[in-house]
Amino acid sequence: MGAAEIVNRIREEGEKERERILNEARERARKIIEDARAEAERSKRRVVEEEERRAETEKQRIIQTARLEARRKKWVAQEEMIREVMNRAVERIKEVKEKGFGGYGYDEILRNLIRVSAMSAGGGDLEVVLSEEDARLISKEDLDEISKDVGASLTLSEERVKSIGGVIVRTKDGRIAVNNTFEKRLERLSDAIRDRVAEIMFKGGAG
Amino acid sequence: MEALREIRAAEEEARKRIEAAREEAERIIREAEQEAARIMEAAREEEKRVAQEIMERKREEGERERESILKGAEEEVKRLKEEASSKMAAAVDVALKMLLGIS
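Those sequence lines, one after another, are chains A and B. Count the first sequence with my numbering and you get residues 1 to 207, in order. Count the second sequence with my numbering and you get residues 1 to 103, in order.
Just chain B, same shape as in the assembly (with noise of 0.2 Å):
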């Protein structure tokens, strides 16, 4: 009997060391997935951070071309009037011709 006694507590026992196994095996898969939410939340925002930077830094180079287009687009304004200027005498003389009908 005493032989009995001491198997049936040993199997109560190890059920209640497998239980706890089981209970705390399901503590460490909520902490992965924990984790795994954690990690993934993180990401996103690294996402945002780093899609911010990219398109602040092609904005700033666009800019910067902008900038460079319209400066160059300034001077040839200037050149093209300076050129036209010294023309425009003989603009105006031909366009008074072709208004007076002299061919």
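Chain A on its own, in the form it takes in the complex (with noise of 0.2 Å):
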């Protein structure tokens, strides 16, 4: 072999060589720029993913909230109605003392109550406390008469109630008092006053 075909040699090597490494660097340039993308690609597929879930997660909560609001709204519109039906119905116990109502007598419907809570007392000596105004429609004959019905001893106790109306019946001894004041009433029957008038008003129940 000659010294030029070795000088050429030596030269078509090195170019080979040269040009293995350039295309190798090319080759692993273009890979890390495909892998750059692909990942890039995979990434923004993982955050809307991951945000839909997360947005729509959002996007419930607005919808829930709204749903409670809309419910606390009627609820309220419902409570309204309720305490309105009975406001109107305490005032117009001023206007039964005067008129009756449903065909009875206030003295009447006094009388019942008395009755009921001499029932409640369970007979015996019992006294009857009524407010000033409702002292006045009940006498000694009332009394004796729902005494007689119930088997007990009713006097009308000197003591007057504050109250728009009603009646306490208590023994003697102080030691059973039935409280059928209005006031009490109210504050005992509340909640079945409330989902009577509920039913009434808002489920279509008869009066």
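It is possible that part of the hints are untrue.
[Unchecked claim] Only pairs whose alpha carbons sit at most 25 Å apart, straight line, appear in this in silico DSS-like list of lysine-lysine:
| # | chain 1 | residue 1 | chain 2 | residue 2 |
| --- | --- | --- | --- | --- |
| 1 | A | K94 | B | K87 |
| 2 | A | K44 | B | K71 |
| 3 | A | K99 | B | K87 |
| 4 | A | K74 | B | K16 |
| 5 | A | K172 | A | K162 |
Source of the hints: derived by calculation from the structure; they are not laboratory data.
Got two chains here, separate frames each, mind docking them using the hints?
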């Protein structure tokens, strides 16, 4: 092999090595960029999926809050109307005292309350405590008649109760007291009255 | 001797060309890595933008639904009040009946 031939071969091999190095680098560079693009795409898909879930949760939170608010508005409106009914009922007591109610005079209503209270107190010697105004409507004869009906001995107490109406019946020793003043009845029957009123007004129940 | 010199010169030239190729290869890789970093950075920016768009879109959907629910509730309350008002007198009578102890 001559020197010229050796020189040519050295050049050729050098050129081949140069090409190999550059081709390898270009291929690696292409792969780096391709991988980056693929990773960017995967990452974007992950973020989109995750954000869709997060945003959907946020949307549902807004909707759920609105539903609660809607229920609250309805509940507040119902409560207002129930309160109005209760207030009107209490206001009507004054009218009932003058005109009666449901075909009954107020004195009859009061006598009935005394009768029921006396039975609840369990009979025996009982005192009837009324407001100043209501005391004028009940006579000794009324109490005697009720006493006979319920098997008790009722007397009108000298004590007067400050109340819009109704009665307190208690044993002489004060151990048992049945408070049927309208204030107490309203307090005690509040839930039952509210249920019944709600049924009539919002569920179409008959009066 | 001349031939040997030519061979050594060719070897030196080849070595230099290979060395230059290696430097060029490093530059190519470096630039590719920089480009990859730019791609990832752009992707992160794009992700932020898309995420914000998704959240805004869903919030708007939620708000529209919210308005519709509340509007519906207002209409229901109005209807409820109208219906209840017509039954108010009967309800007061029943409440009064219970209060007075009339069965």
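Hint check:
1. K94/A - K87/B: Holds. K94/A to K87/B sits at ~22 Å (cutoff 25 Å).
2. K44/A - K71/B: Violated. K44/A to K71/B sits at ~38 Å, over the 25 Å cutoff.
3. K99/A - K87/B: Holds, because 22 Å separates the two Cα atoms, which is no more than 25 Å.
4. K74/A - K16/B: Answer violated: K74/A to K16/B is near 88 Å, above 25 Å.
5. K172/A - K162/A: Holds - the C-alpha atoms of K162/A and K172/A are around 20 Å apart, at most 25 Å.
Checked against the numbered hints above, the structure breaks hints 2, 4 and satisfies the rest.
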